[in-house]
Each structure stands twice: as C-alpha cells, then as structure tokens.
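Chemist: Chain by chain, the residues run as shown.
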Amino acid sequence: MAVITRGFGGRRRDDADLPPGQYRTDDFPVLSAGPTPRIGLDEWELAVVTETGERSTWSWAEFTALPADEPTVDIHCVTRWSKFGTSWRGVSVDTLLADVDTAAEYVVAHSYGGYTTNIPLEGLLDGQAWVAYEFDGAPLAPVHGGPARLLVPHLYFWKSAKWLRALELRLDDEPGFWETAGYHNDGDPWREQRYLED
Amino acid sequence: MPTTNVGADDPPWVDGNALAGPLGEIMGTDLTVAELTCAGCRMTRPLAAMRVFDRAPGLVARCPGCEDVVMRLVRTADRALVDLRGSLVVSIPVPIT
Numbered sequence: 001m002a003v004i005t006r007g008f009g010g011r012r013r014d015d016a017d018l019p020p021g022q023y024r025t026d027d028f029p030v031l032s033a034g035p036t037p038r039i040g041l042d043e044w045e046l047a048v049v050t051e052t053g054e055r056s057t058w059s060w061a062e063f064t065a066l067p068a069d070e071p072t073v074d075i076h077c078v079t080r081w082s083k084f085g086t087s088w089r090g091v092s093v094d095t096l097l098a099d100v101d102t103a104a105e106y107v108v109a110h111s112y113g114g115y116t117t118n119i120p121l122e123g124l125l126d127g128q129a130w131v132a133y134e135f136d137g138a139p140l141a142p143v144h145g146g147p148a149r150l151l152v153p154h155l156y157f158w159k160s161a162k163w164l165r166a167l168e169l170r171l172d173d174e175p176g177f178w179e180t181a182g183y184h185n186d187g188d189p190w191r192e193q194r195y196l197e198d
Numbered sequence: 001m002p003t004t005n006v007g008a009d010d011p012p013w014v015d016g017n018a019l020a021g022p023l024g025e026i027m028g029t030d031l032t033v034a035e036l037t038c039a040g041c042r043m044t045r046p047l048a049a050m051r052v053f054d055r056a057p058g059l060v061a062r063c064p065g066c067e068d069v070v071m072r073l074v075r076t077a078d079r080a081l082v083d084l085r086g087s088l089v090v091s092i093p094v095p096i097t
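Top to bottom, those sequences are chains D and H. Under full-length UniProt numbering, the first residue of the first sequence carries the number 1, and numbering increases by one thereafter. Under full-length UniProt numbering, the first residue of the second sequence carries the number 1, and numbering increases by one thereafter.
Keep in mind the hints are simulated off the structure, nothing from the lab. It cannot be assumed that every hint is accurate.
[What the hints assert, rightly or not] Selected chain D positions facing chain H (in silico; Cβ < 8 Å):
#1 PRO35
#2 THR36
#3 PRO37
#4 ILE39
#5 LEU41
#6 VAL78
#7 PRO120
#8 HIS154
#9 TRP158
#10 TRP178
#11 GLY182
#12 TYR183
#13 GLU197
[As the list claims (entries may be wrong)] Which chain D residues face chain H? A few, computed with CB under 8 Å, are given here:
#14 PHE28
#15 VAL30
#16 LEU31
#17 SER32
#18 ALA33
#19 GLY34
#20 LEU66
#21 THR79
#22 VAL143
#23 ALA181
It should be emphasised that the depicted structure is a prediction, and the values quoted were computed from it without experimental measurement. Beta carbons are placed, not taken as given, at the ideal position from N, Cα and C, and that holds for glycine.
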C-alpha cells in the first residue's frame, strides 16, 4: 500500500502544508536523548505483548518477510522542524496486530536503550503507523532508529520511537519518556499539542 | 575545560556544565557543583561530570558510568520541569556556618 500525503504529487509544497509553529527543513536532523543502541540483526527481536502477557515475536528474518508498505509521509518534530515527503519501507502495525487478541486501548512503545512513548491503540491502526526499516531506499541508519523504528507521522515525531523493541498493549495509559517530563500526552502537531499544558 | 563527544560518530553529548545556565536560571544557584547519586549504578558524581544530550526535546543528563538518565530538564511555554527520578540523592554544598 502506498500512502501519499495531501499535497504530494506535483504541487509545490509550501508553508500552508505546515502544522502551526513549524518550519520546513530539507535536512533530516538527528535528535537523541541518549547513546545510539547498536543491535545486531542476529539478536534483534520485535515483540507485541498483550495485556494478558501473551507475546508474539519476530526475528529480523521473520519481520522483513512480512508484507511491507512504502509510505511517503510528512514528519513533524516537536522542536519545530517538519520534513515533507519522506519515503519509508515498513510493516504496518495493522499487520503486526492482525492475529493478536486484545481488548487494549493503549500502547507503550519500548525501545532498545530504554526509551518509551505512549499512544492510543486507535492512533496506530487503519494504516496510520508502521514499523519502518528502510528510509529513502536504504536500510534505516542507526542514528535514525535502525534497525527498525516506529513511524507514526500524524503525531509529533517523538512518538515514532527509534530502535523499537516491543509494543506493549495495555488497558490503561502509561505516559512515556517525554510525556512524563512536560510534553503533551497526545502530541498532535495540527493541534500544536507540544507541552502538557497545551 | 568542558568535555564533549561532538564530532564523534554518535549522538553528541556535552558535559554537565551545559546545565549551569538553564538550572541557574530556574533555581537561582549553581547546581553544577551539586553531586548526584545515580539510581542505576549508585555511583555519586558531580552534576558537571554527567553527559548531557542537548539535541533533543529537552536536556537529558546521563550517568557516564551506566548511561542511565539522572536528570531531565524540559522548558515548556511557561514552566520548567526538572525530573530527578534517576537520582537517589542530590547533594548540594552550602556555606559553612
């Protein structure tokens, strides 16, 4: 499935396509709250854990054999840069959860290195989110979250956890790394939900 | 002299002196001379010795020994939040009376 964001496909992109308070960059800035975890593909594993503790896991070979999408999406960082038309390859969260039995309403994404972020489950479904492992036609670089990162382009990019290790399905909401330190629980760039008081 | 890994093939960090300005503004005192006991490895070090990742949505200070987070500092539109859950003790020198 290809995802073409609004405005993509010939029309020149301009500031009207930017969420409030954002500026456009053509770079891909690296923001990081810590050292880059180095995860060998032979030891890499992705897990989905339900609220009852049931685990589904994929090795790298199993994960990259799943049906993949190639979304082209705009991304928006809470530090105010936005980047238009980024191209990715990854597995949709719908695919990862297709055979998972859950009553959960919330998800905590866990990263290698200890980072966490929380997202309502409905914000990850229906083609809104992927676990991406290629950027611009090349393997995702470690500084950008490789081997694989969450990609949730409709939320500020801190929700797109780098170095994804697990998706924990929960009945209750559990604020993550930045959400417990002053950032907004939801992080919708179009509503400019940057900080907890927004 | 400040230490840093800027230029290395890794996310840049600077030393804890980078916290002097933001913390001083909030607290009204120089906390870089404070000592923090890391909740991860329990080593006690000056805040200035911590590694601060400043190219992020906030300032994140990590223990140079075990890399656990010892302090997070976030400026919102009208507040400053200092999260110290990664530090067991914050020891601050005071004038001898």
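Chemist: Look at each hint and say if it fits the structure.
Modeler: To see whether the hints hold, each was checked on the structure:
Satisfaction of the interface hint for PRO35 (chain D) is found here, the shortest Cβ-Cβ separation to chain H being roughly 6 Å, below the 8 Å cut-off. The beta carbon of THR36 (chain D) is positioned within 8 Å of a beta carbon in chain H (closest approach about 6 Å), and the interface hint is therefore held. For PRO37 (chain D), the interface hint is violated, since its Cβ never comes within 8 Å of a Cβ in chain H; the closest pair sits about 10 Å apart. Look at ILE39 (chain D): its Cβ only gets to about 15 Å from chain H, farther than 8 Å, so that hint breaks.
Because the beta carbon of LEU41 (chain D) sits about 19 Å from the nearest beta carbon in chain H, more than 8 Å, this interface hint is broken. Here the hint on VAL78 (chain D) is kept, as its CB sits about 5 Å from the closest CB of chain H, short of 8 Å. Hint on PRO120 (chain D) is violated. Least Cβ distance to chain H is approximately 20 Å, over the 8 Å limit. For HIS154 (chain D), the suggested interface contact is broken, since its CB lies about 18 Å from the closest CB of chain H, more than 8 Å.
For TRP158 (chain D), the interface hint holds, the least distance from its beta-carbon to any beta-carbon of chain H being 6 Å, beneath 8 Å. Checking TRP178 (chain D) against chain H by beta carbon gives a least distance of about 6 Å; that is within 8 Å, so the hint holds. Hint status for GLY182 (chain D) relative to chain H: holds, with the closest Cβ pair at about 4 Å, below 8 Å. Contact between TYR183 (chain D) and chain H, as hinted, is supported at the beta carbon level, the nearest pair being about 6 Å apart and thus within 8 Å.
Because the smallest distance between the Cβ of GLU197 (chain D) and any Cβ of chain H comes to about 6 Å, under 8 Å, the interface hint for this residue holds. With 8 Å as the threshold, the beta carbon of PHE28 (chain D) stays out of range of chain H, its nearest partner Cβ sitting at about 13 Å, so the hint is violated. A distance limit of 8 Å between C-beta atoms decides the matter here; for VAL30 (chain D) the minimum to chain H is near 6 Å, and the interface restraint holds. The interface hint given for LEU31 (chain D) is met, as the beta carbon of that residue sits about 5 Å from the closest beta carbon of chain H, less than 8 Å.
This hint holds: SER32 (chain D) has a C-beta 4 Å from the nearest C-beta of chain H, less than the 8 Å allowed. A distance limit of 8 Å between C-beta atoms decides the matter here; for ALA33 (chain D) the minimum to chain H is near 4 Å, and the interface restraint holds. About 6 Å separates the beta-carbon of GLY34 (chain D) from the nearest beta-carbon of chain H, less than 8 Å, and the hint is met. Given hint, LEU66 (chain D) at the interface with chain H, is violated; its Cβ is 29 Å from that chain's nearest Cβ, farther than 8 Å.
At its closest, the beta carbon of THR79 (chain D) sits 6 Å from a beta carbon of chain H; the interface hint therefore holds under the 8 Å criterion. The criterion of a C-beta within 8 Å of any C-beta in chain H is met by VAL143 (chain D), whose closest approach is roughly 7 Å, and the hint holds. Here the hint on ALA181 (chain D) is kept, as its CB sits about 5 Å from the closest CB of chain H, short of 8 Å.
In summary, the structure is inconsistent with hints 3, 4, 5, 7, 8, 14 and 20 from the numbered list given earlier, while agreeing with the others.
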